[in-house]
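Residue numbers (the numbering used here), protein chains in the order written: chain A, 1 to 378; chain B, 1001 to 1244.
Hints in this document: simulated from the structure, not taken from any laboratory. Be careful, since some hints might not be right.
So the derived label-pair ranges between C-beta atoms look like this [what the hints assert, rightly or not]:
| hint | chain 1 | residue 1 | chain 2 | residue 2 | range |
| --- | --- | --- | --- | --- | --- |
| 1 | B | Ala1027 | A | Leu255 | 27 to 37 Å |
| 2 | A | Ala270 | B | Arg1189 | 48 to 58 Å |
| 3 | B | Arg1189 | A | Asp282 | 29 to 39 Å |
| 4 | B | Asp1150 | A | Leu255 | 34 to 44 Å |
| 5 | B | Glu1229 | A | Arg7 | 35 to 45 Å |
| 6 | B | Arg1192 | A | Ala13 | 31 to 41 Å |
| 7 | B | Ile1032 | A | Lys370 | 45 to 55 Å |
Distance condition first, Cα-Cα at most 30 Å in a straight line; then the derived DSSO-like pairs of lysine-lysine [to be verified]:
| hint | chain 1 | residue 1 | chain 2 | residue 2 |
| --- | --- | --- | --- | --- |
| 8 | A | Lys337 | A | Lys102 |
| 9 | A | Lys370 | A | Lys285 |
| 10 | B | Lys1242 | A | Lys15 |
| 11 | A | Lys285 | B | Lys1151 |
| 12 | A | Lys15 | A | Lys285 |
| 13 | A | Lys15 | A | Lys370 |
The beta carbon of each residue, even a glycine, is placed where N, CA and C say it ideally should be.
The chain contents come next:
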Amino acid sequence: MVWIAIRMLTGDATKFYGLLFGIAFSTLLITQQLTIFVNLIERGASGVYNVPSADVWVMDPVSRTTDVNLPMPSTALDRVRSVAGVEWAVPHLRAAASVRTKEGDLEGVSVIGVDDATLIGLPRRMALGAADVLERPDAVVIDDVGTTRFFPVGYDPVGERLELNDQRAVIMGVADAIPSFTSQVTLYTRYSRALNFVPGTRNRLSFVLVGAAPGVDAKALATQITQDTGLRARTRDEFARDGVDFIIENTGIPLNFGITVLLGFVVGVAIVGLTFSLFIRDNIKQFGALKAIGVNNAKIRRMVAAQAAMVGLIGYGLGVLGTVGFIWGFSSNPTFKGFYIPWQVPLISLVAVTLILALTGWIALRRVLKTEPAAVFR
Amino acid sequence: MSSAVETTAATAIAAISTRGVARDFTAGQQTIRVLHGIDLDVRAGELTYLVGESGSGKTTLISIMCGILWPTEGEVQLFGTDIYRLSDSALVDFRLRNVGFIFQQYNLIPAIDAASNAAVPLIAQGMDRLEARERAIELLAALNIADQADKLPNQLSGGQQQRVAIARALVHRPRLIVCDEPTAALDARSGRRVMDLLREVALADDRSVIIVTHDNRIFDLADRILVLEDGRITHDGRDMPKDH
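Chain A extracted, bound-state conformation:
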């Protein structure tokens, strides 16, 4: 009977494709929007992800994220270095600055000062040049997405001079970095040079990046640092989570994306529900005849379930495929750099599609089950 149900479904091409479209569109909307949402809010942690070598981030107790921080006195570095279990500790500066572009426009940038000796604080990979270019005078490394803000696509910015807070800076390399939440241009330079680029108050040290000694647990070390220094210490994962939470708590993004996801669900219910009920209405005589012949309700339920499952699987597959195509198609666009589909997102879409089909299938099924077999004689 399942075979008959599937043939009944596919035999009406218009409704079959209508159902597929409804599910695929709904899946696409939910999956794509959730994917963008997750990737977007994860950028709140990009500053942490760009420094994978740091096990623990140490900061002033009021600092919340890589971008929302209160500088500490430089003595904090020595205090952290003195904590047992610390393998290494380096200074890290993050501050805002302005760059005057060639066109004369003013562009806000983020300046990151990395450790002079070890260059810890730079992203792991360079897109152009090597990390040691920072040894050169006035050298800065720009992030790859930032180059698209300052220069035409495909332009090699190495050697370009910038007016950074009224001082000369020369781009000597391009870092392969995860863009920040705001996609602001980021310039990496040595810590000592960053102090010159970015005027500030008495305290300039934004963070102390810490590497744990072999065998020392990062979480335990963070607790130890806080205990010994009074500073706030967060493991890499914790601090990344802080960045994400900050975006969730302080922006309307979750609400806006949530509304779009909900709309995707509602659109799915509307299209699928309408098409499914039309399909059932058009086939109600056949279902009635089957019931009269002796097809019991359990078999009818299985038939409708098989129809829903088939539409669901194909539509869901197309929707997820559409999202993969979307991400792949825009992968070269700086806005979508590094975007990926977390495994939880297709799972959530699957649950949503299952709910849509269960709801619409149940409504459609009710009509079939309520149909009296005797109705076929009327």
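Given chain A's structure and the hints, the job is docking chain B onto it.
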């Protein structure tokens, strides 16, 4: 007609028995009784017509007799089984194994071919689809439309669709065949041909065929005619009463 009656009457045994069957329908506040205590025995091996004007209760009676509509009162025995004492699922299963239906509008499934349509009762019984299809094709051959087995219903003429519907009603060898207005959409010649066909392939010593009709062009082909008026059987005989 008479020859058929003579050949079948000798072997006729009780197939359907109704006792005191009544049925009410509720419309708003009003309850209307459409059948009034029907007592009836239908023998196997007979082609029985149920005749009456629209609203006379013939559809209700046929629905009750074949187990798809519960009577308000009374009992119905099909081949010795009191069908309305069966559980819902047992009744559905009983119908699947013992009753074949030919609907006025055929109600074939548009998306599957003629052979598969004819095989539906066997598939519903759990038989392998291909095996059921083979059985259906044998029956379609007996109905002279084996060459149409692979065609979809909308590729068949009305007459061919009806033969497929007949094949579907017979494929699982039920003991009761119920036909609803089988000649309503046909001209006189085609109608008689369908009735001949039904007599030829459907009627058997252990099987009863009940036909709901008001087509007076085929009244002469019946073994027995039951006339229903206002929910009561007003005539039971081989021929129609003179005043009809």
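Taking 30 Å as the top limit, are the C-alpha atoms of lysine 15 of chain A and lysine 370 of chain A close enough?
Between lysine 15 of chain A and lysine 370 of chain A the Cα gap is close to 22 Å, so the pair holds against 30 Å.
Given hint lysine 15 of chain A paired with lysine 1242 of chain B - CA-CA distance at most 30 Å:
violated (53 Å)
Range first: 31 to 41 Å. Now tell me if the beta carbons of arginine 1192 of chain B and alanine 13 of chain A are that far apart.
holds (39 Å)
For the hint 29 to 39 Å, verify it against the beta carbon of arginine 1189 of chain B and that of aspartate 282 of chain A.
holds (33 Å)
So the hint says 48 to 58 Å: do the beta-carbon atoms of alanine 270 of chain A and arginine 1189 of chain B match that?
holds (51 Å)
Mind checking the hinted window 45 to 55 Å against the Cβ distance between isoleucine 1032 of chain B and lysine 370 of chain A?
Check failed, 21 Å falls outside 45 to 55 Å.
Is the distance from the Cβ of aspartate 1150 of chain B to the Cβ of leucine 255 of chain A consistent with 34 to 44 Å?
At roughly 57 Å between Cβ atoms, leucine 255 of chain A and aspartate 1150 of chain B fall outside 34 to 44 Å, so the hint is violated.
Is the straight-line distance between the alpha-carbon of lysine 285 of chain A and that of lysine 1151 of chain B 30 Å or less?
OK: lysine 285 of chain A and lysine 1151 of chain B at ~20 Å, within 30 Å.
Taking the beta carbons of alanine 1027 of chain B and leucine 255 of chain A, is their distance inside 27 to 37 Å?
Hint violated: Cβ distance 52 Å, outside 27 to 37 Å.
Within a Cα-Cα threshold of 30 Å, do lysine 337 of chain A and lysine 102 of chain A meet the stated pairing?
holds (26 Å)
Has the hinted range 35 to 45 Å been met by the Cβ atoms of glutamate 1229 of chain B and arginine 7 of chain A?
holds (44 Å)
Are the Cα positions of lysine 370 of chain A and lysine 285 of chain A separated by 30 Å at most?
holds (12 Å)
When the structure is compared with the earlier hints, violations turn up for hints 1, 4, 7 and 10 and for no others.
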